[in-house]
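Enquirer: What follows is each chain in one-letter form.
There are 2 protein chains.
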Amino acid sequence: MTKLDDLLTPNSVAVVGASDDPSRIGGRPLSFFKNLGYEGAIYPVNPNRDRVQGLKAYQSLNDIDGSVDFVLVAVPAKGVVQVVRDAAAKKAKTVMIFSSGFGEMNEEGQKAQDELTSIARESGVRIIGPNCLGVFNSAINFYPTFTTTIERKQPNPGGLAIASQSGAYGSHIFYLAHLRGLDMTYWITTGNECDVHVAEAIKLLAEKEDVQAICAYAESIKDGDVLVEGLEIARAERKPVIFMKVGRSEVGAAAASSHTASLAGEDVIYDAVIKQCGAHRARTTEEALDIAYACRPQIYPVGRRIGLVTVSGGGGVLMADASADYDLDVAEMPADAQAEMRELVPFAAPRNPVDVTAQFFNDLTLVPKFTKLMLDCGNYDALIGFWTSVAGSPKISPMLRKYLAEAMEGQKDKLFMQSLVAPPEICKEYEDEGFPCFEDPSRAVATMAALMSFGMAFKSGRPAEPDVPPLPALPDGDLGEKEAKEILSDFGLPLATDKLATSSAEAAQAAAAAGAPVAMKIASPDILHKTDVGGVKLGIAADAAAAAYDEIIANAKAAKPDAQIDGVLISPMAADGVDCILGVKVDPVFGPVVMFGLGGVFTEVLKDVSFRKAPVSLETAMGMIDELKGTELLKGARGAEPSDLGALCDAISKLSVFAEAHAKAIESIEINPLRALPKGAIGLDALIVKRALQA
Amino acid sequence: MTKLDDLLTPNSVAVVGASDDPSRIGGRPLSFFKNLGYEGAIYPVNPNRDRVQGLKAYQSLNDIDGSVDFVLVAVPAKGVVQVVRDAAAKKAKTVMIFSSGFGEMNEEGQKAQDELTSIARESGVRIIGPNCLGVFNSAINFYPTFTTTIERKQPNPGGLAIASQSGAYGSHIFYLAHLRGLDMTYWITTGNECDVHVAEAIKLLAEKEDVQAICAYAESIKDGDVLVEGLEIARAERKPVIFMKVGRSEVGAAAASSHTASLAGEDVIYDAVIKQCGAHRARTTEEALDIAYACRPQIYPVGRRIGLVTVSGGGGVLMADASADYDLDVAEMPADAQAEMRELVPFAAPRNPVDVTAQFFNDLTLVPKFTKLMLDCGNYDALIGFWTSVAGSPKISPMLRKYLAEAMEGQKDKLFMQSLVAPPEICKEYEDEGFPCFEDPSRAVATMAALMSFGMAFKSGRPAEPDVPPLPALPDGDLGEKEAKEILSDFGLPLATDKLATSSAEAAQAAAAAGAPVAMKIASPDILHKTDVGGVKLGIAADAAAAAYDEIIANAKAAKPDAQIDGVLISPMAADGVDCILGVKVDPVFGPVVMFGLGGVFTEVLKDVSFRKAPVSLETAMGMIDELKGTELLKGARGAEPSDLGALCDAISKLSVFAEAHAKAIESIEINPLRALPKGAIGLDALIVKRALQA
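Protein chains in written order, with this note's numbering: chain A, 2 to 696; chain B, 2 to 696.
It cannot be assumed that every hint is accurate.
Claimed, not checked - Pairs of lysine to any residue residues, derived as SDA-like cross-links and limited to a Cα-Cα distance of at most 25 Å, are as follows:
hint	chain 1	residue 1	chain 2	residue 2
1	A	Lys154	B	Thr358
2	A	Lys429	B	Leu177
3	B	Lys370	B	Asp433
4	A	Lys630	B	Lys630
5	B	Lys429	A	Asp441
6	B	Lys460	B	Thr358
7	A	Lys35	A	Glu123
8	A	Lys154	B	Lys429
9	A	Lys154	B	Ile427
10	B	Lys154	A	Ala359
11	B	Lys403	A	Arg153
12	B	Lys630	A	Gly637
13	A	Lys608	B	Lys630
14	A	Lys538	B	Asp328
15	A	Lys154	B	Pro424
16	A	Lys630	B	Asp328
17	A	Lys79	B	Asp627
18	B	Lys460	B	Ala641
19	A	Lys608	B	Ala641
20	A	Lys630	B	Glu633
21	B	Lys429	A	Gly637
In short, the hints are calculated from the structure, not lab data.
Assemble the whole structure, with the sequences as input and the hints as a guide.
Expert: Now the structure itself:
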């Protein structure tokens, strides 16, 4: 497969199915090429006409003398495969298919689409679509798209780029971005994704020098590794990726899959991976555009300390509330700077939020004085000012803007957002000075929080990942608990050692040898949920072990007469601690994903678990522990001794490495409970489910 | 104290401190009265001038011959008290004080403000302010305010009303509402609230016939009972109250109290009470205005079934995701109606979200056909349509609007919101047809959810409250555990009965009599936290009770040598169940508030508790259980037997009644744990903390 670089910069384009009518799907892009200034060669292909829209028409691709970089296909579905074969033969670099009637329609359509995929794989031509609305590169006026939005508004080249699976929604976002004054050089929609998919588009855009921020929309991701690669390139290049991965809810995912008929993967895992790669997951279009808009100054504060300055007490309170919602630190101003403010305005609230009060109306020079004190002494990563509609008045706004700019001199790495009510032309003047403007102060805060997360993710860079050594293959067949524990224990994970008893006498002996009450569990590769069959007994004294053995065996046989029963595993009862769950599941999109949570109700009722794509470092593992709602329980809540977090991180990281090494062989792993102790941790039960063999 | 009715409709107004300069605080309202068409008598008071702004001026209020309904005070703080006394002597109904320098400044100012309060209480005159920006009634052009916003935009009379503690933020909201096209007859700001407070303003507005919806802003509430009364009047009158109670976060509350120097009360309790009274708590200004805007058709759907119709699959997925966020039910269309849609458009997604697909561009008559099927067969409480910027085009919008209106014929009780991108003048045409418009589909969904909550709250009305009988006074002095348990048990609450042992021999005897392992707890009115002093032992067998007795007494004496020790309470260990916590705290704003939650980590780490103002009915109590995140634990999660929810509701309701009856005597009550059993519930420990006597 060739690289995607040529997609947006072809020297020549052919339109197969070119129409003389510029309002038709096969006519509109041709009209764009001709009339909006594309300078490459343009070849309309239409066997029924000599000329199309005034240009010489060709019978077929083969009739064209020169080479053709880009072939646009706007013929009915049944003719598409042949055109694509012709294009491949003609050594076109890219084929884009507008035509619908493929995977989105029925099985027959999917078969044709699969054929297109094969052609791409075999010939190296890159295919966008089918059922695709197009792409554009406004820097060279290249508009191979039939969206009518271009007729309403020809894009201006600029730093925002869009990658969208949905063409209609991609057009919608483009138009909204235009209304926000956001300029855009590149726009890519991917449709049915028989070859090029949205993750690859993100990666391409991340690599483009003239892209500053990427807004992405996807209902599903075809290749998680490519997505991670693309997001990590964007992080390294300090390009925010604002990701609308929709279908968050069950009903939304159902609607998405009825729309694109593709597997959505698990939403919490998308959440985790997007965050892990330093991108921002936007929940609404408005949120996505707010952030894209505020990225224009390309200042991404590296920290969460926020200074809030206001001319209305109410505005300050609202911004403080919103800051708490987004975990920003509304840190107090130093006492001496507060005193200095009080000298300027005796009734000022100088703490943070800093309330300049209505004195501001009488003396605008207070603005630079107050904000300079905040910037110089408050050590804030960014500021937000709340100035109401007064800042939008034609009389006051030029002065206020001047004073705000004055205060920012020498502070080029800090971002100062303004919350004000003003007509668009006055907002633009603030924006040109480098101040993003929001009417609603709470939206300014939400957006600032996203920019700060970018800043911190850019600074920290891609987290280190532990090495994944090649490991010997797992044994054939299903793995029983004892085997799973041994394998994981051999790899260095802390697991309670068991002794297998195959008779009641052996059970009594093992229990006596353990020197403590014991846990007894049925040993059988065929019984996964041991408790459900009465196969577990806890806290059994040595003299009761023989009877317990007999009972467990009888229970298991009664519940699963066909199960292979190896005996009963006997292990000492572990010391008291906090029960956790540590697991791995192999996600269809992202591969092995490690999961950690508190046990019992936390996991089952509250879904309080965290995920990361494997493998993860100790530091990333600590992030997983920290983000749990119940994390305090591990840190000594309610007077208990704190758990050994280092031991937990070690277990999380080790299991993630183990899972990555065995990614192809396993379906899931679970150590449950993993008991966190004041010193160390001990897994009391473990399960490795191997992947069913692919037919 | 007289009623507040006259505040907004005076026949005459005096301005004390009237200025000839219409840009000054004492001049601006006078200029408004003169120039904007107020028809009552206007009396400027200024001892230094004969005429002010062309009107005859008076030396003092006493010099005015006729009666004066409304006195506006714009003199320096030190002269205010005398003017208010004069106004009271003149039998004015309302005095409004612009002047600042009172409670917001220092103690001396607070003293003067307290004097104003006394004058109001003694004379019956109602006082707004001090430090108040004013009010208005645009129906009679009465603008006693010095906000410059009126100069930018004279309000049009209309159904939205504003009550705001903060004048500056009140002005800001008024101006934003105007930009949204929302008209407003009444606007009240209350400033320092020496007499009239924002809750009373809400109540006044709720009673006004020409008010349709109320937007309120408050940093604190002076009188919780008045607020509840006002909100309940609004509910009975089907008037949405959109409440911005700010200072939600700690740092926000601190900023609010530095702004108004008043006690904010506990935020979770505001949350609970606002919801309990059928109002909506808005977190942002934008959210508040979105809802106010969407209230204009005055249609409040009574249910959460939402039908979503879209022309872009992406828009449908986004709306479905947002609906899940707000707990709306995206119920599936009936199969036969789906089939009918497929006949109209074979590629349509007819499930819900219903995707008409781009076929809509070719045939707009599909819109009424699809939406009519949704309205007639889908049994939805409301619809939202997503039409992108196409719906904003001058060519398409008139037809689309006509078809949407057609579909709504005979559906007057259903609300149909539109998500579209259109210039304001085209939006207005949709709005005039009764369709609220939102550019962002997720904001449409959020707003719809709020309107549905109003609809359901209006339908259910004020929840029934149990009777609160007069109860005999609590015994004097502090109450020990045994006494607390007996008092609550006598009132009908389920509490484990104890036996008091005053010697180790008695302890052994009581334990043997209990016939089961027992719980033993120190009995002392001076020891509240028994576990902390080693004063609790659980699961003690009869033969170990004597020794345990001695140990508990010794522990208690060692930890608290001065404590009065009555002995040790002995009770049988309760059966297994789910430990809950049931409590009451007396909130400074709302009085006794009942609290229910799951015990242990749920309450202490996850803060998973629900609150209601007492007293509460069984039904309201069930609502408290339902809203817990861990509610499944009581309903038989993880294979356990479900708890007896009826018994829990009974306990919650009974305790709330008990607390309401003893509101003046208690500070808090806690039954912890209240163990929920498959049949019944049993409180194992109880505590009643009495209120410290007021000096």
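Enquirer: Are any of the numbered hints broken by this structure? If so, which, sorted upward?
Expert: Numbers 6, 7, 14, 17, 18 and 21 - these are the hints that the structure violates, sorted from lowest upward.
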